[in-house]
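Residue numbers (our numbering), protein chains in the order written: chain A, 281 to 551; chain B, 3 to 292.
Bear in mind the hints are in silico, worked out from the structure with no lab data behind them. Keep in mind that a hint or two might mislead.
As the list claims (entries may be wrong) - Cut-off 30 Å, straight-line C-alpha distance, at most; resulting in silico cross-link-like pairs (DSBU-like, lysine-lysine):
1) A/LYS497 with A/LYS520
2) A/LYS376 with B/LYS143
3) B/LYS285 with A/LYS376
4) A/LYS365 with B/LYS285
5) A/LYS365 with B/LYS143
6) A/LYS313 with A/LYS365
7) B/LYS285 with A/LYS390
8) B/LYS75 with A/LYS390
9) A/LYS313 with A/LYS522
10) A/LYS365 with A/LYS296
11) B/LYS281 with A/LYS390
12) A/LYS339 with B/LYS205
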Amino acid sequence: MQDKLEVVQVSKVFTKSGTQVTALEDISLEIPKGRFISIIGPSGCGKSTLFNIIAGLIKPSSGCILEDGKDITGQRGHVGYMLQKDLLLPWRTTLKNINLGLEIRGYGAKQAAERALPLMQRYGLGGFEHSYPRELSGGMRQRAALLRTLLYDRDLLLLDEPFGALDAQTRLTMQGWLLQIWADFHKTVLFVTHDIDESIYLSDVVYVLSGRPGRVKAVVAVDIERPRSQLVMTSSQFMKLKHELLTLLSEGEPQADSVDGGVGAQGGLHA
Amino acid sequence: MTTRVAPGSDDALTAPAPGPGASSQIGADEEELTARRLRTRTIAGRVLVGLLFIGCWELFSSVHLIDPFYWSKPSSIVATGWNVLWHGTLLLDIAFTSGATILGFILGVTVGAAIGLSFWWSRLYAWVAEPYLVMLNALPKLGLAPILVVLLGIGFGSKVALAFALTVIVTALSAYGGVRSVDRDLEGLLYSLGASRWQVFSKVVVPWSMPWIVNSFRINIALALAGAIVGEFIASRQGVGRMILYAGQVLDHNLVWVGVVVLGVLAMLMYMAVAAIEKWLLKGFETGGA
Chain A
281 MQDKLEVVQV SKVFTKSGTQ VTALEDISLE IPKGRFISII GPSGCGKSTL FNIIAGLIKP
341 SSGCILEDGK DITGQRGHVG YMLQKDLLLP WRTTLKNINL GLEIRGYGAK QAAERALPLM
401 QRYGLGGFEH SYPRELSGGM RQRAALLRTL LYDRDLLLLD EPFGALDAQT RLTMQGWLLQ
461 IWADFHKTVL FVTHDIDESI YLSDVVYVLS GRPGRVKAVV AVDIERPRSQ LVMTSSQFMK
521 LKHELLTLLS EGEPQADSVD GGVGAQGGLH A
Chain B
3 MTTRVAPGSD DALTAPAPGP GASSQIGADE EELTARRLRT RTIAGRVLVG LLFIGCWELF
63 SSVHLIDPFY WSKPSSIVAT GWNVLWHGTL LLDIAFTSGA TILGFILGVT VGAAIGLSFW
123 WSRLYAWVAE PYLVMLNALP KLGLAPILVV LLGIGFGSKV ALAFALTVIV TALSAYGGVR
183 SVDRDLEGLL YSLGASRWQV FSKVVVPWSM PWIVNSFRIN IALALAGAIV GEFIASRQGV
243 GRMILYAGQV LDHNLVWVGV VVLGVLAMLM YMAVAAIEKW LLKGFETGGA
């Protein structure tokens, strides 16, 4: 079957004050339609750079990105994108923030609201349409950010540590909430996280990246039945996977520590 | 707020009525009362200081503790003011000066904001322009006044031009500060949503920079007034500045004082108007900028 998204041998070399830094080396991912795929790896392994490349915000040094077999390398607007920072515009109400993607595509305010309001109602933001982002809690802001991404109507969602800044309790709630949305909308999700539990709980497949330069170190399939409850996190199957992933990640530890906050973090979302 | 309980009164021990809710209610009421009292006292204090100042001025001048020839006195100032208001050209002068100030301010702020915001479009353009902007900002633009008067004549135009010259660079620099502080991730997010550069500019860059631009309004209105008055000092047939200059030349110090008082009132009114506009423009923005 045709993969929804293929990352084919992508490498990225940055030149910083004369020295060349390899952020990504020969990364290949195959992501079938409708799957939930996670990427974990140490800080500075270039996860954000990879996302920026997939989103078309920066160009790879070599390799290409295929969506449904078509080359979309360097093209924007093919994926829905979400970061740890909610990036809600403080001068817009929650509703108008969620409608941002639709507005850019030329929807009128009324049409956009017709689409957004039922979603807000259904996914825990009912009654907050006219609140400003500063009046929302961290979890609700992330909900709004995800609904904004969702309303952009792309089949593929890139989520870059979306729950990284939330407290543990809220994070659990949000994970369940995300799974519900994923099931409801049949999206293909590519999810970056630092959190091993989160990656296992949410995904079908976990890609483990090594520290700089980022390479695919291992691909781990998670065959835990869906729908999953939070209790699955205490099962022996879960523990076995966690052990495996921890082992894989700790192999690269000494190297990983020294490169924290490198190119991957600085790459940000700059176009 | 402590609820006082009479010792030995078992009534107070058993009754749940004056619980924390009740006592905090009393507390809130009392707090509000203190706040209101403070407000009243503040206003009373301000009026008192003003009256005291005017009273002393009048008294010292009357008993020649200060020379009334130079320092005048409030009663003479009011009398002179009343006279020029009804038998002179004071109203026209006020209209002339405030017109030049407001027009210069609007032009300066608009053009300045446009210049500052335009730097978002090209980093090269911004970096080339930056040192010149900083230099122009440091340059005492009032030095240009004689040239502007020759260039634009002694009428309204040269006053507007000076008010404009004093405000435009300040605003441009403020707007540029806003542009530089725009969250790059936010721009990236909009691009990832398929936005054009123009959409990023209008939906993110302009509103983001608004607080920076608007916060320069208060300084700019004062600068614009100074520009208009200096323009009138250089050469003019009208305006409060010209009136002051004329009065000084004929040693009519009462009239000079009238001019100064009028300018003070004008400056205060404009400041209040600008503050109100600021509040209106920044509705919906988080307090404290950004």
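Practice task
Please work out if A/LYS365 and B/LYS143 have their alpha carbons no farther apart than 30 Å.
Solution key: Cα-Cα ~44 Å, so violated.
Practice task
Quickly compare the C-alpha distance for A/LYS339 and B/LYS205 to 30 Å and report which way the hint goes.
Solution key: The hint holds at about 25 Å.
Exercise for the section: Decide if the proposed pair is consistent with the structure: A/LYS497 and A/LYS520, CA atoms, cutoff 30 Å inclusive. Expected result: Status holds; Cα separation ~18 Å.
Practice task
Assess, step by step, whether the Cα of A/LYS365 is no farther than 30 Å from the Cα of B/LYS285, and give holds or violated.
Solution key: holds (24 Å)
Practice task
Please work out if B/LYS285 and A/LYS376 have their alpha carbons no farther apart than 30 Å.
Solution key: holds (16 Å)
Exercise for the section: Take the C-alpha atoms of B/LYS75 and A/LYS390, compute the straight-line distance between them, and say whether it is at most 30 Å. Expected result: violated (65 Å)
Problem - Holds or violated: B/LYS281 to A/LYS390, with C-alpha atoms at most 30 Å apart - result: holds (28 Å)
Practice task
Below or equal to 30 Å on CA atoms is what counts here, so check A/LYS365 against A/LYS296.
Solution key: holds (25 Å)
Exercise for the section: Starting from A/LYS376, check that the Cα of B/LYS143 is at most 30 Å away, please. Expected result: violated (44 Å)
Problem - Pairwise hint evaluation, A/LYS365 against A/LYS313, where the allowed Cα distance is 30 Å at most - result: holds (27 Å)
Problem - Hinted pair B/LYS285 and A/LYS390, Cα distance within 30 Å - result: holds (23 Å)
Problem - A/LYS313 paired with A/LYS522 [C-alpha distance capped at 30 Å] - result: holds (25 Å)
The earlier numbered hints that this structure contradicts are 2, 5 and 8.
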